[in-house]
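J.: Chain order of the listed sequences is H and Y. Take any residue in the first sequence, count from 1 to its spot, add 20: that is its number in the numbering used here. Take any residue in the second sequence, count from 1 to its spot, add 19: that is its number in the numbering used here.
Any given hint could turn out to be false.
The calculated label-pair distances, taken between Cβ atoms and stated as ranges, are [what the hints assert, rightly or not]: (1) Y/Q64 <-> H/R257: 12 to 22 angstroms; (2) H/I44 <-> Y/K65: 15 to 25 angstroms; (3) Y/T53 <-> H/R257: 15 to 25 angstroms; (4) H/K138 <-> Y/T53: 22 to 32 angstroms; (5) Y/Q64 <-> H/K130: 10 to 20 angstroms; (6) Y/T53 <-> H/T142: 18 to 28 angstroms; (7) Y/T53 <-> H/T71: 26 to 36 angstroms; (8) Y/Q64 <-> H/K117: 22 to 32 angstroms; (9) Y/T53 <-> H/N46: 44 to 54 angstroms; (10) H/M254 <-> Y/Q64: 22 to 32 angstroms; (11) Y/K65 <-> H/N165: 33 to 43 angstroms; (12) H/G129 <-> Y/Q64: 15 to 25 angstroms; (13) H/K103 <-> Y/Q64: 36 to 46 angstroms.
Since the hints were derived computationally from the structure, they do not count as laboratory data. C-beta: ideal position from N, C-alpha, C; glycine also.
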Amino acid sequence: MKRWNWLYAGIEHFLERPYQVGKIINHRYRIKNCLGMGSYGITYIAWDIVTNQYVVLKQMRKTKRNKGTLSFQREAQILKMLKHPRIPKLYDSFMIKDIPHLVMELISGKTVEDLIFKEGKTFTERESFELLIDILAIVQYMHQNGIVHRDLRIPNIILNEGNAYVIDFGLARFLTESERMNNDDVIEKKLRREISVKSDFYALGHFMLFLLYSTYEPTVKEERSWEEELSLSMEARYILRKMLQIDTPYEDIHELSADIHRLLQRWGNGGVNDVIV
Amino acid sequence: MLRKLLKAIFTKNSSHHKHRWSSSDHLKMYHSKTHHSKYGHHHYQKKYHSGSFFSSFLDS
Ligand SMILES: Nc1ncnc2c1ncn2[C@@H]1O[C@H](COP(=O)(O)OP(=O)(O)OP(=O)(O)O)[C@@H](O)[C@H]1O
Ligand SMILES: [Mg+2]
């Protein structure tokens, strides 16, 4: 399979044919570069010639027309509803030849994924939990507005000047929605995609382990569990086990933030008061 | 048509080749036999291979 990846990528590129650099979309957005081709969309940075600023333009993939249109509409609806300085604003949405497009605020900074894997940034236990508290303030806002993100992973959190931003609402849902779960789905998928606030805590549990592993140097090739490999404080382990639903899960964000605040107090934490407990 | 296809294959923008995590990448992980409470450095220190949309088709 791997051997043919270059060919698949080529055919994919041919079928989708992303916009060329310099092309003007909807008489307004000049394509600067392509950020990536995701599962449903192709994402670009574009220059808005009306407002004279860079924006993010997301074009739905032609090959995902059926499922994709609904998912794009939902993403637009959710972004429009959420008005928070750490969530990209939706500026515009339009169709070109039946293909939905979204235009949103460009968040500057770097994703946590790039910081860890490209730049070798490391996070101590304290730094990891401080970042979590910052992210939870945004997540609290989403949950209060009846939205669950369901894709809180390291590539979807951007850090800029020490502040966290949440992007990619492509999998977000209204908490009132229901979605049929396939009984054959493995537990991990069920926990990540359940329409419940718990799935965001679950995803953030894994997010935290990516941060905490940034300082870990394996001594043996064999893999042990994170609890055996990492030297974490008892409180940190307690919190992570609940986030990951190994122990009784957190039912709401206040319970979780109260535990984190307690942990941060160990370090004489000052000024972390974003989440109102 | 064929020429266009070949051209697309060989001249594709390198940024599309560049690895990006994708929401679909996680689908691969779902097939992992290890329970998530047992994940260790193999899981949290290695990046998943990016999927072309063909692999996301295969996985979903
Ligand atoms: N508002 C934004 N500001 C800055 N960068 C962004 C923004 N939205 C998306 N990006 C960048 O573009 C990439 C792809 O965008 P996004 O994740 O929204 O697309 P996607 O179709 O959901 O792709 P994937 O399936 O890979 O998640 C992201 O990894 C991120 O680096
Ligand atoms: Mg994404």
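J.: Indicate whether the distance between the beta carbons of Y/T53 and H/N46 respects the range 44 to 54 angstroms.
T.: holds (46 angstroms)
J.: Could one say that the CB atoms of Y/Q64 and H/R257 fall in the range 12 to 22 angstroms?
T.: holds (19 angstroms)
J.: CB of Y/K65 to CB of H/N165, is that within 33 to 43 angstroms?
T.: holds (35 angstroms)
J.: Indicate whether the distance between the beta carbons of H/M254 and Y/Q64 respects the range 22 to 32 angstroms.
T.: Because 24 angstroms falls inside the window, the suggested range holds.
J.: Given the hint of 15 to 25 angstroms, check if H/G129 and Y/Q64 actually sit that far apart at their C-beta atoms.
T.: Given about 23 angstroms between the Cβ atoms, the range holds.
J.: Could you check the hint for me, namely that Y/Q64 and H/K130 are 10 to 20 angstroms apart, CB to CB?
T.: Given about 19 angstroms between the Cβ atoms, the range holds.
J.: Holds or violated: the 22 to 32 angstroms window for the beta-carbon distance between Y/Q64 and H/K117?
T.: Taking Cβ atoms as reference, Y/Q64 and H/K117 lie about 43 angstroms apart, which means the hint is violated.
J.: Given the hint of 18 to 28 angstroms, is the C-beta distance from Y/T53 to H/T142 inside that range or not?
T.: Holds, at about 25 angstroms.
J.: Could you say whether the range 22 to 32 angstroms given as a hint is met by the Cβ separation of H/K138 and Y/T53?
T.: holds (26 angstroms)
J.: Does the Cβ-Cβ separation between H/K103 and Y/Q64 fall within 36 to 46 angstroms?
T.: holds (37 angstroms)
J.: The hint says 15 to 25 angstroms between Y/T53 and H/R257; measuring C-beta to C-beta, is that right?
T.: Check passed, 19 angstroms falls within 15 to 25 angstroms.
J.: Assuming the hint says 15 to 25 angstroms, is it satisfied by the Cβ distance from H/I44 to Y/K65 or not?
T.: Violated: the Cβ-Cβ distance is about 41 angstroms, outside 15 to 25 angstroms.
Violated hints for the displayed structure, listed by number in ascending order: 2, 7, 8.
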